[in-house]
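Novice: Given the coordinates of chain D, work out where chain V should sit on it, guided by the hints.
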Amino acid sequence: MNLHDDPAEAAFRAGLREWLRSRLPDDDPSRTWSTAQLREWSHDLSEAGYAGITWPKEYGGQGLTAAHQAIFAEETARAGAPDHINIIGMNMVGPTLIAHGTDEQKARYLPGILSGRTLFCQGFSEPEAGSDLAAVRTVARRAEPDGYLLDGEKVWSSYAHLADHCLLLARTGPAEPKHRGLTCFLLDMRAPGVKVSPLRQLNGDTDFNQIILTDAPVGDADVVGEVGRGWSVALSTLAHERGTFGVTLTARLVAQFDRLLRLVREVGADGDPAVRRELATLHARLQGLRYTGYRSLAALRRSGEPGAEASILKLEWSLLHQRVCALALRVQGPAALLDSGDAAWQGYWQRQRLRSRANTIEGGTSEILRGIVAERVLDLPRSRQ
Amino acid sequence: MDFALTDEQREIRRAARDHLERRYPATRVCALAEGPGGSEAGAWPELIRQGWLDDDLGMVELALLAEESGRCLHPTPWWTTVALAAPYARAAGEPLTVPATFADGAPDGAAPTGAGTVRATRSRRGWSLSGQVPAAPQAGAVRCVVVRARTEEGPAVFACDTGSPGLVVEELSTLDTLRRMAQVRWDGTPARLLTEPARTPEVARLARLRGGALLAAEAVGVAAGALDMAVTHARQREQFGRPIGSFQAVAHQLTDAYVGTELARSLAYRAAWLVQNDPEGSLACAQAVDEAVLVARDAAVRTCETAVQITGGMGVTWEYPLHRWLRRALWLDAFPGFGDDPHGRVAERLLRRDDAGGITPTTLDGR
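Residue numbers (this note's numbering), protein chains in the order written: chain D, 1 to 385; chain V, 1 to 367.
Pulled out of the complex, with its shape left as it was, chain V reads as follows:
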């Protein structure tokens, strides 16, 4: 047992933070949030140059990049690319190096919000897609949409370029304007098959584990970024002749936010490590991902709310950047991409009646 980042992982985190802090100060992020697409066009080549899309990045490394992205609300479609689309491309053995996202046109079970219906048909010229998905994240800012669509043999996964004929993307007004949802429609659009129907359920299950771990990691970063802002403010802002951070009523709220953020960080790193080292995505791994998601979402929302409270009248203005972090936290809390109910799944695994004593909290991760 050695639950610590390696020197190399620390270096990746430091480099990521340097890059993002230099390139995206809060003022720039706020400006981009109100501009077209809600992200920086032209940022991609630099991300590739810095290795953010490297094929050999492990899950812990990706989690660190996602955390740093959350901390400064990294305004590019990097997260949707690696957390949503890349797990499918990866399973198909195709490196994904263009900005991409995922749209679910063949949801299993009860359709979560944002899922639609897309049909894939095969002709001599190859596969083509028709249908729509009402809300896919960042679809207006990407060049490739990975889509799960129905075929006669069951759901399969396809990729199509956003410039393809018959593909229409319509951006929706979105709570977090830095991660806009868009409606996507396909009408006889040519597409490339990534995963056959037979493999799709398993590939989708593993993709959700990768995505869940990276959602948790981003949420940790969002919490950490908001906490930083609030702590800095509490050190500097004076009332009654003292910095407000010296008042226990203020300091203790920040401490509680710190506690939630640290628990979430531990769970997010653990989930990332398990996904990396348990390629079959066992029950223990799935449980760890759900735990990370539910604690990290909660930490992000609570910490952002606390930060607004601590920054007071300033914190509730449009000009003060904090509401962008709160919006991202709310976005992450509501995003259904990995199944809607992590609490329900965690409880189900804890309470299953058929458990012959093998799965308990103490043994769940095989220790």
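Just chain D, with the same shape it has in the complex:
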């Protein structure tokens, strides 16, 4: 057991911290990044050797450990760095292609994902397939001689308006049981029959998109894994998301909590006993979340699988983030009524307060996650047939 960085980790952290300090001198949460700036940021990360940290070297990655990925998450969150614009390509599509893709697919897509040149989105959720993902209705009809035509609707797809390609789940075997007749495809977002429109969220932002597919073509060469085995490919994509994702979320929340402390001092709420008690509880649970993430990374390193603890990270993260944002508005008193340019921090906390409502829904609802923990960790009998 060692809770400090080992020498290689410490050097990586120090180098990264220095690099970030030179580029992002202040953490300014109200800063907005244009798409061009985000592309440039991602390009710089890649040039500096901070892209594909855990990817194997043979695919152009850094070949480092999940602990390095965690350090990257912590230091970038601390510096207020934005998401890599190709976060879906980097964290989900890339590892999925490394595991299931053909040599041709790897050669075609991986370098562009790493450099930030080729942007990816993901087409899993649908209006009728949310928590019950295997219920997807998007149909892939055989189009001889060498492809399929896609028809259907995908929702909650981040970056779809910018993406070049989409990792997509569609039904190739309509007569087969629901988990079987599914196939994973790589769709060219510029193909005919692909229409992207923004989904406006309750806070007014448009982080997500709807994708309407009307006879959109994909080739046999665009199938990931085997035809009819799309469900297991999708599960492995989601598993990659769970591996270090919880640690990344936690690192951001630690930085967010630092901002909350700053706000509490600014508005003079630091003497309020109720505020102090809530801060202490949130901070302590947040540290508990953080160290539970480290335990899960240690298990990942030993066995290749994140430990049972990993399943609780997103669940607890979402609840804590909602409480952090709620407290941030509460300490503002009546000033919390204002928004945008008239509010403190240009309305940052108002946006976060509303945005955080989605945290217990997106990426697995809390109800689904509790069900997973109940069945797989506590070994309770299944609640559904």
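Hints were generated in silico from the structure; no laboratory data involved. Wrong hints could be hidden among the right ones.
Unchecked claim - With the C-beta cut set under 7 Å, the calculated list includes, among others, these residues of chain D facing chain V:
| # | residue |
| --- | --- |
| 1 | Met-1 |
| 2 | Leu-3 |
| 3 | Asp-5 |
| 4 | Asp-270 |
| 5 | Ala-284 |
| 6 | Gly-288 |
| 7 | Tyr-291 |
| 8 | Tyr-294 |
| 9 | Ile-312 |
| 10 | Arg-370 |
| 11 | Val-373 |
| 12 | Ala-374 |
| 13 | Leu-380 |
Where is the CB? At the ideal position from N, CA and C, for every residue including glycine.
Specialist: Just chain V now, with coordinates in the frame of chain D:
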């Protein structure tokens, strides 16, 4: 960074669990809870033989033993010995191998509940103590009481055997009968000096860190033990033709209890490791201990309450053993031995105005 138990630590935990499960099934624990002293007389030699009092046990190892003790409510004064008394004996370079506890007869600041007044005077024959402490844990079941007492130069720490002249121990009716409080009175009782007044504040501060980490570890075990009982019950108990654990309303309560227990476990192990590896007990270490205490206490109480809810009508009977775990959780939640207000201290460290940006949640543990 490698936050995982070593093979040796896993082995210590397995051996501890084997020993405790064999020797203390719930029925036996319940019987002992109603017997004299609320603990098993004669268990000590076996604990020594199994290495539970070894001098070279690190804090993580002790935390694992405390966790396993909490899981089955280990009915001996082992926890008061290692968590309360041993840190003082250790600072004095004396290994402590008899059952012991700690009584605070010279509290600093506002006197927490359970603290009293004890005066130490020195004569040609050595030190002697007079005074009383209204409530010291397990004092009726131990052979040595470590006591902080006032001297003319300030508080100092002493040890005295429970058979010493003038020492009277009176057991009090206690919420957790497996960890009874007792009033202790000294009247010219001879005592051995463990720590000089000059060193006492620092020794007491470090002792509280060790004790706090071990309180958190025991609370994790209490939560884990109650959760086990409730989960087993939810798998077996059938209503409406199905095991009740298949109902989401039941399963999700157990899941939330599991989440709280796992967060507490991470914090308890981290606190133990930091206390071991930061012998000066820096600010970061003190913060980690307080975090562990407040999350683990909460996890123990909530998990025990959830477990009672899930075990239903059975869970609220005297015969069903679960209330013993709930009582221990409430005991740990109320025990003031390490300062009364961990929330207040955590908030204070987070919000101190003189912090020039050096202490923030992200940097507090020096990473």
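Novice: Take the hints in turn and mark each one as holding or not.
Specialist: Verification of the supplied hints:
1. Met-1: For D/Met-1, the interface hint holds, since the closest Cβ of chain V sits about 6 Å away, which is under 7 Å.
2. Leu-3: holds (6 Å)
3. Asp-5: holds (6 Å)
4. Asp-270: Constraint on D/Asp-270 satisfied, holds at 5 Å.
5. Ala-284: holds (4 Å)
6. Gly-288: holds (3 Å)
7. Tyr-291: holds (4 Å)
8. Tyr-294: Nearest chain V Cβ about 4 Å off; hint holds.
9. Ile-312: Where the cut-off is 7 Å and the nearest Cβ of chain V is about 5 Å from D/Ile-312, the hint holds.
10. Arg-370: It holds, given that the least Cβ distance between D/Arg-370 and chain V is near 4 Å, below 7 Å.
11. Val-373: Check passed: Cβ of D/Val-373 comes within 5 Å of chain V, closer than 7 Å.
12. Ala-374: holds (4 Å)
13. Leu-380: holds (4 Å)
Of the hints listed earlier, there is not a single one the structure fails to meet.
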